[in-house]
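Line by line, the protein sequences give chains A and B. Everything in the first sequence is counted per the numbering used here, starting at 1 for the first residue and increasing by one. Everything in the second sequence is counted per the numbering used here, starting at 1 for the first residue and increasing by one.
For the record, the hints were derived by calculation from the structure and aren't laboratory data. Quick caveat: nothing in here was measured; it's all calculated off a predicted structure. Glycine included, C-beta positions come from ideal geometry on N, C-alpha and C. Check each hint, because a few of them may be wrong.
Partial pick of chain A residues on the chain B-facing surface, computed with a CB cut under 7 Å [to be verified]:
#1 Glu-167
#2 Arg-231
#3 Ser-233
#4 Val-247
Here are the simulated DSS-like cross-link-like pairs (lysine-lysine), alpha carbons at most 30 Å apart as the crow flies [to be verified]:
#5 A:Lys-176 / B:Lys-32
#6 B:Lys-51 / B:Lys-84
#7 B:Lys-2 / B:Lys-103
#8 B:Lys-103 / A:Lys-246
#9 A:Lys-257 / B:Lys-74
#10 A:Lys-190 / A:Lys-56
#11 A:Lys-246 / B:Lys-32
#12 A:Lys-176 / B:Lys-84
#13 A:Lys-246 / B:Lys-74
#14 B:Lys-51 / A:Lys-246
#15 A:Lys-257 / B:Lys-73
#16 A:Lys-168 / B:Lys-103
#17 A:Lys-56 / A:Lys-34
#18 B:Lys-51 / A:Lys-154
#19 B:Lys-32 / B:Lys-74
#20 A:Lys-168 / B:Lys-18
#21 A:Lys-3 / B:Lys-73
#22 B:Lys-84 / B:Lys-32
#23 B:Lys-65 / A:Lys-257
#24 A:Lys-73 / A:Lys-56
#25 A:Lys-4 / A:Lys-73
#26 A:Lys-168 / B:Lys-2
#27 A:Lys-246 / B:Lys-22
#28 A:Lys-168 / A:Lys-222
#29 A:Lys-246 / A:Lys-84
#30 A:Lys-246 / B:Lys-84
#31 B:Lys-84 / A:Lys-257
#32 B:Lys-65 / A:Lys-176
#33 A:Lys-168 / B:Lys-51
#34 B:Lys-22 / A:Lys-257
#35 B:Lys-32 / A:Lys-168
#36 A:Lys-154 / A:Lys-218
#37 A:Lys-246 / A:Lys-218
#38 B:Lys-73 / B:Lys-32
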Amino acid sequence: MAKKNVIVIGGGIAGMESASYLSAMGFNVTLLEKSNELGGHLLNWERLFPTMRYGKQVIDFLAKGIDFEQINKVLNVEIKSIEKKNTQFCVELSNGKTFFGDSILITTGYDLFDAHRKEEYGYGIYNNVITSADLEKIFMSGNPITTTDGKTPKRIGIVHCVGSRDEKVGHVYCSKVCCVTGVKQAIEIKEKMPETEVFNFYMDMRMYGMHFEALYKKAQEKYGIQFIRGRLSEAAENIDGTIVLKVEDTLAGRPLKMNVDILVLLVGFVPSKGSKEVGKLMGLNIGINGFYKTKDQHTLTNVSNIDGVFFAGSCTGPKTITNTITDARAAASSVASYLLGFDLHKRDIENHEEFWLYDSK
Amino acid sequence: MKNFGYTIQNDRQIDYDKNDTKLYDFVAESEKSIRTCIFCGTCSATCTASKFTDLSLRRIILYLKRGLNESLKKEIESCMLCGKCNLACPRGVNTRNVILNIKRGIEHYEL
Numbered sequence: 001m002a003k004k005n006v007i008v009i010g011g012g013i014a015g016m017e018s019a020s021y022l023s024a025m026g027f028n029v030t031l032l033e034k035s036n037e038l039g040g041h042l043l044n045w046e047r048l049f050p051t052m053r054y055g056k057q058v059i060d061f062l063a064k065g066i067d068f069e070q071i072n073k074v075l076n077v078e079i080k081s082i083e084k085k086n087t088q089f090c091v092e093l094s095n096g097k098t099f100f101g102d103s104i105l106i107t108t109g110y111d112l113f114d115a116h117r118k119e120e121y122g123y124g125i126y127n128n129v130i131t132s133a134d135l136e137k138i139f140m141s142g143n144p145i146t147t148t149d150g151k152t153p154k155r156i157g158i159v160h161c162v163g164s165r166d167e168k169v170g171h172v173y174c175s176k177v178c179c180v181t182g183v184k185q186a187i188e189i190k191e192k193m194p195e196t197e198v199f200n201f202y203m204d205m206r207m208y209g210m211h212f213e214a215l216y217k218k219a220q221e222k223y224g225i226q227f228i229r230g231r232l233s234e235a236a237e238n239i240d241g242t243i244v245l246k247v248e249d250t251l252a253g254r255p256l257k258m259n260v261d262i263l264v265l266l267v268g269f270v271p272s273k274g275s276k277e278v279g280k281l282m283g284l285n286i287g288i289n290g291f292y293k294t295k296d297q298h299t300l301t302n303v304s305n306i307d308g309v310f311f312a313g314s315c316t317g318p319k320t321i322t323n324t325i326t327d328a329r330a331a332a333s334s335v336a337s338y339l340l341g342f343d344l345h346k347r348d349i350e351n352h353e354e355f356w357l358y359d360s361k
Numbered sequence: 001m002k003n004f005g006y007t008i009q010n011d012r013q014i015d016y017d018k019n020d021t022k023l024y025d026f027v028a029e030s031e032k033s034i035r036t037c038i039f040c041g042t043c044s045a046t047c048t049a050s051k052f053t054d055l056s057l058r059r060i061i062l063y064l065k066r067g068l069n070e071s072l073k074k075e076i077e078s079c080m081l082c083g084k085c086n087l088a089c090p091r092g093v094n095t096r097n098v099i100l101n102i103k104r105g106i107e108h109y110e111l
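Please put together the full structure from these sequences, using the hints given.
Now the structure itself:
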């Protein structure tokens, strides 16, 4: 029997790990990536919660699977069209090449929320308002954290849930990783600048993962990071470039005003542009939050509405690195099962639509 | 009788079994969005009146739910119905209508 072909769309961590597993299981794998490097968002993140491991170590680990297994990696390409004829998929690329696949695995990930949209927090308006991604860039560069006029910040504020759990920007879901990222980044700031005060403004601290709670406790115990329960209503710039925050200290029951030198916005996940494009090209079902809709919420979490097309990673919803790697392996086994002629992904389960969850009645 | 200076303290507990939620129910009936409040405090943070008065819509909604209606009446008078809280609420609670309905409810039940 000729080797079956799988096309993996998206070279982030989900694409890398599923490609390794599929290749190891004996399939011909083509991994498509729009940028010039594999690794996705993880390339821009210095350290990972909860252990402070370097993101690069994870990329290097995943790359080992890819290097050994002779995967056809195609970088710097976008998809022009995808056609399905019988059980064959034909993918036409922007570089003029065409690939044929017996199955397609979609790993198109997420985009970060554009913080400009929360105008009341002043991103792009006030110089000393930055996002969690901007802060990672500073961490990666090794440069000291300074205000735009070069001063060492005496106080930094970190805002949780920017672009998440917010009807006003149309994203009602929790992005899952920001709470613990806020704790992680607060600790990193304190490690670099022990004299700087750090305040996290939160609605709920969602420390659901293994060791997350320990990181939260460490932040209080060892680093003296302070947590204020209140969602910022707005930030404004003082004449000296510092930022004044308006928030209610809900536990004290009184409005609170605070000046900070730098304000960090913890931006959440939004469905990626790439996911939208590929979804449109193929006619994939999109869920109510804009991420791909899987065939079932509990059981068929890697299965799409098109036979032979599967999902992995955060294209179906916000996920941690750990979740994504696990999901990539699960997706690889779903694809393998499909290509070997099993119909595990076609098992019946009573349909439970998600829409009633979002109905205000 | 000799006064030894002992008194009986009032019970501070919220007695949930005697919770009178009629005012909350009245408001929730005409403005269902009140049920989705997560007490994040964005409304009270943005509130122009809260800086100078005791007004906190977050606390008002919480007290309504707990049936602690006595303190509401005075507190709510500070609201100027500017609607800033309406713009800020991440849950899309129609806060302005909540306040109007609390006022209606206070009148209705002659609280």
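Checklist entry - Taking each numbered hint in turn, which are not upheld by the structure, reported in ascending numerical order? => result Failing hints, ascending: 7, 20, 21, 26, 27, 28, 29, 34.
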